[in-house]
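S.K.: As they're listed, the protein sequences go chains A and B. The opening position of the first sequence corresponds to residue 4 in my numbering, with each subsequent residue numbered one higher. The opening position of the second sequence corresponds to residue 5 in my numbering, with each subsequent residue numbered one higher.
These are computed hints drawn from the structure, not numbers from a lab. Note that CB positions come from ideal geometry on N, CA and C, so glycine has one too. Treat each hint with caution, since some may be false.
[Said to hold, decoys possible] Partial list, computed: chain B residues near chain A (C-beta under 10 Å):
#, residue
1, Y270
2, K274
3, F334
What follows is each chain in one-letter form.
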Amino acid sequence: MRELTAAAVTLMAGLGTVLAAESPDCAVAAHLAAASEYPLPRVAVAVDRARTLDIVVMGAGSSTLAGPGGTDLAYPARLQIVLSKRFPDVKTKVVTNVKSRRSAAEMTEGFEKVLTEEKPVLVIWQSGTVDAITGVDPDDYRATLEEGVQLLQAGGADVVLVNMQYSPRTESMIAIQAYADNMRLVAQHREVPLLDRFAIMRHWSESGTFDLSTATRKLETAARIHDCLAQLLADVIRDGIKLSRDQPKPIQ
Amino acid sequence: MPPAPPAQRDLRLDLFRGLALWLIFLDHIPSNVVSWGTIRNFGFSDAAEIFIFISGYTAAFVYGRAMQERGFIVASARILKRAWQIYVAHMFLFVIYMAEIAYVSSSFENPLYHEEMGIFDFLKQPDVTLIQALLLKFKPVNMDVLPLYIALLLGFPPLLWLLQKQPTVALAVSAALYALTWHFGWNLPAYPTGYWWFNPFAWQLLFALGAWCALGGAQRIGPFIRSPVILGAAIVYLLFAFAIVMTWHFSALAAYVPKWLGEAMYPIDKINLDVLRLAHFLALAAITVRFIPVDWPGLQSLWLRPAILCGQHSLEIFCLGIFLSFAGHFVFNEISDAVFMQILVSALGIAIMCAAAALISWYKRIEGRSPGSRSKPPDADLAGGEA
Numbered sequence: 004m005r006e007l008t009a010a011a012v013t014l015m016a017g018l019g020t021v022l023a024a025e026s027p028d029c030a031v032a033a034h035l036a037a038a039s040e041y042p043l044p045r046v047a048v049a050v051d052r053a054r055t056l057d058i059v060v061m062g063a064g065s066s067t068l069a070g071p072g073g074t075d076l077a078y079p080a081r082l083q084i085v086l087s088k089r090f091p092d093v094k095t096k097v098v099t100n101v102k103s104r105r106s107a108a109e110m111t112e113g114f115e116k117v118l119t120e121e122k123p124v125l126v127i128w129q130s131g132t133v134d135a136i137t138g139v140d141p142d143d144y145r146a147t148l149e150e151g152v153q154l155l156q157a158g159g160a161d162v163v164l165v166n167m168q169y170s171p172r173t174e175s176m177i178a179i180q181a182y183a184d185n186m187r188l189v190a191q192h193r194e195v196p197l198l199d200r201f202a203i204m205r206h207w208s209e210s211g212t213f214d215l216s217t218a219t220r221k222l223e224t225a226a227r228i229h230d231c232l233a234q235l236l237a238d239v240i241r242d243g244i245k246l247s248r249d250q251p252k253p254i255q
Numbered sequence: 005m006p007p008a009p010p011a012q013r014d015l016r017l018d019l020f021r022g023l024a025l026w027l028i029f030l031d032h033i034p035s036n037v038v039s040w041g042t043i044r045n046f047g048f049s050d051a052a053e054i055f056i057f058i059s060g061y062t063a064a065f066v067y068g069r070a071m072q073e074r075g076f077i078v079a080s081a082r083i084l085k086r087a088w089q090i091y092v093a094h095m096f097l098f099v100i101y102m103a104e105i106a107y108v109s110s111s112f113e114n115p116l117y118h119e120e121m122g123i124f125d126f127l128k129q130p131d132v133t134l135i136q137a138l139l140l141k142f143k144p145v146n147m148d149v150l151p152l153y154i155a156l157l158l159g160f161p162p163l164l165w166l167l168q169k170q171p172t173v174a175l176a177v178s179a180a181l182y183a184l185t186w187h188f189g190w191n192l193p194a195y196p197t198g199y200w201w202f203n204p205f206a207w208q209l210l211f212a213l214g215a216w217c218a219l220g221g222a223q224r225i226g227p228f229i230r231s232p233v234i235l236g237a238a239i240v241y242l243l244f245a246f247a248i249v250m251t252w253h254f255s256a257l258a259a260y261v262p263k264w265l266g267e268a269m270y271p272i273d274k275i276n277l278d279v280l281r282l283a284h285f286l287a288l289a290a291i292t293v294r295f296i297p298v299d300w301p302g303l304q305s306l307w308l309r310p311a312i313l314c315g316q317h318s319l320e321i322f323c324l325g326i327f328l329s330f331a332g333h334f335v336f337n338e339i340s341d342a343v344f345m346q347i348l349v350s351a352l353g354i355a356i357m358c359a360a361a362a363l364i365s366w367y368k369r370i371e372g373r374s375p376g377s378r379s380k381p382p383d384a385d386l387a388g389g390e391a
C-alpha cells in the first residue's frame with residue numbers, strides 16, 4: 004500500500020509541470036521538488052498537539068554563508084522566518100549546528116548532545132561535500148548516514164536529508180555523484196525526505212535562474228539561493244506533515 | 005603446447021578501444037549534453053569496462069608472444085617498462101590537473117562555495133600532496149584509470165605465465181581473488197582518506213578475462229557465446245539494465261522498481277566492479293562478437309578508421325582525452341556552456357584525438373614501423389608501445 008501511495012504521489016508530481024514556491028525565482032521542476040514523498044510523523048504530532056516546531060540544522064560549510072551577515076542570510080535563518088509565516092500559530096525554533104569542513108561522521112558525534120540539549124522534533128542533516136573532497140569511502144559514508152538517521156529517529160527526531168550543492172566550477176574536481184547516490188539510497192531505505200539540493204541548483208543553473216559560475220564576493224545571489232532553499236525545505240516540511248495526517252502510522 | 009596467441013591484430017579491439025576512449029573523454033566533461041548519448045546512460049557498465057577488458061586482451065596478445073619467444077624474464081621486463089611509461093604519463097596528467105586547479109582557485113571567490121574551496125587545500129601543502137601523488141595515493145577526480153592500469157600490469161607477469169600454462173586455473177585464481185576481495189573488503193588506501201576508486205583487486209578479473217580470451221579462451225567459448233540461449237539471455241539482461249537505468253533518469257519511474265529488487269541491487273558498486281556491471285559488459289561483448297565478426301568488411305572502411313587509429317595509440321589518446329576533458333570543462337566555465345558550445349567542444353575534442361592518433365601513426369611510419377599494418381607480426385616496439 005505504501006509503495007502504491009508513494010507511486011501515486013510521485014506520478015502526480017511527475018505529471019505536474021512546475022511547482023512555484025513563494026518567490027517565483029525559486030520555481031523548480033516538480034520532479035526535483037517532490038522529494039517529500041515520506042511523512043514526518045513526529046513533526047506532525049508536535050505541530051498539531053503542542054503547537055511547537057523545534058528544528059536543528061546539522062551541517063557543514065554549505066549550510067552557512069561566508070562573509071559579514073552571512074549567517075542571517077543562510078537557509079537555516081531564512082527557514083525560521085519562512086516557517087513562522089507559514090505556521091503563524093506554531094512556535095517555531097530553528098537552531099543551527101553548523102561548522103565548516105565537517106564530515107558526516109564527525110557530525111554524528113554531536114548527535115547525542117544535540118538530541119538531549121535541544122530536543123528537536125526535526126533534524127535537517129546536510130552533508131556530503133566534505134566527505135567527497137576528502138574521498139571518504141562511499142560505502143562508509145552510506146553506513147554513517149544509515150546509523151546517523153537511526154540515531155536521530157531513536158532520539159525522537161524526524162530527519163530531512165540535504166545533499167551537496169551544485170558547483171559548476173569545481174564539478175570536475177569533486178566526485179559528488181557517488182555520495183549523492185548513496186544519500187538517496189539511505190533516504191529511500193530509511194523513508195526520510197531528501198532535499199535534492201544538487202539537482203535543484205543544477206536546474207537553476209541550466210535554466211538560467213541563477214548564475215552559479217561567476218566569481219563574485221557579493222552575497223546577493225547566494226542569499227537569494229539560500230532563501231529559495233529555505234522555502235523548498237518549508238515545502239518538504241509542509242508535505243511531510245500533510246502526509247502524516249493523511250496516513251497516520253505508528254512512529255517507529 | 006601452450007595456446008598460441010593469434011598472429012594478427014584483431015581490428016575490432018582497436019575499434020572498440022578507440023570508441024571507449026571517446027566515451028571516456030565525453031563522460032569526463034561534467035554536465036555535457038553529448039555525454040547523454042554514452043553507454044553508461046543506457047546500462048550498468050561504462051567505457052571503463054571496455055577499456056580494461058581490451059587492455060587485458062591486448063596485453064596478453066603482445067606480451068604472450070614475447071613470453072613464448074623470449075621467456076618469462078624478458079616479457080616481464082617489457083611489461084614493467086610499460087607500467088613505467090604509464091606512470092610517467094599519469095604524472096604528466098597530474099601536473100596539468102594541478103595547473104588547472106591552481107588557476108581556478110585563484111579566481112574562485114563566491115561566498116556560496118566556501119565549503120567547496122576545501123578542494124584547494126592540498127595546494128597549500130605541496131610537500132604532502134606531491135609525495136602522495138607520486139605514491140599513487142592522491143588521485144584527483146577522473147584520474148583513477150591509469151593507476152589501475154599500472155597496478156594491473158605490475159601483477160600481470162605471473163598471471164600471464166599461469167595463463168599460458170593453465171588458462172583455466174589462472175582464470176579461477178583471478179575469480180577467487182575477486183570473490184575474496186568482495187568478502188574481505190580488500191582495497192588499496194588513498195590519500196587523504198578512503199580507498200582507490202577502481203579497486204585493482206576487483207577490476208583485475210576483467211583484465212584477466214580479456215587476457216584469457218586473447219590466449220585461446222575466445223575460441224574455446226566461441227560456440228557457446230554464439231548460441232541462441234546466450235544471445236537471448238544477453239538481450240534480456242541488457243533490456244533489464246536499460247529499464248533500471250531509465251528509472252534513474254526519470255524519478256517518476258523509480259516507484260515501479262519493487263523495493264526488494266532495489267534493496268538487493270543497490271548500490272551498484274563501480275569501485276569493486278559490481279557483478280551487475282560485469283554481467284552487463286559481458287552481455288554487451290557477447291552481442292558485439294556475434295554481430296561483428298573479425299573479418300567484418302566495415303573494419304576496413306574509412307569511416308571507422310579514426311576510431312581504430314585512436315584505439316591503436318590508446319595510452320597517448322587516453323591522456324589527451326583526459327586533458328581535453330579538463331580543457332572542455334574549463335571552456336564551459338570561462339567562456340560559455342551553451343548547448344551549442346557543449347556539442348562543439350565535444351566534436352572538436354574527438355577531432356583532436358583523431359588528428360593526434362593519425363600524427364602518431366605517421367611518426368611511427370616515417371620511423372619505419374607500422375603497428376597498424378596487418379602484414380607484420382607484432383614486434384618488440386609494438387610490445388613496448390601499444391599494449
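S.K.: Name the hints, by number, that the structure is in violation of.
M.R.: No hint contradicted; all consistent.
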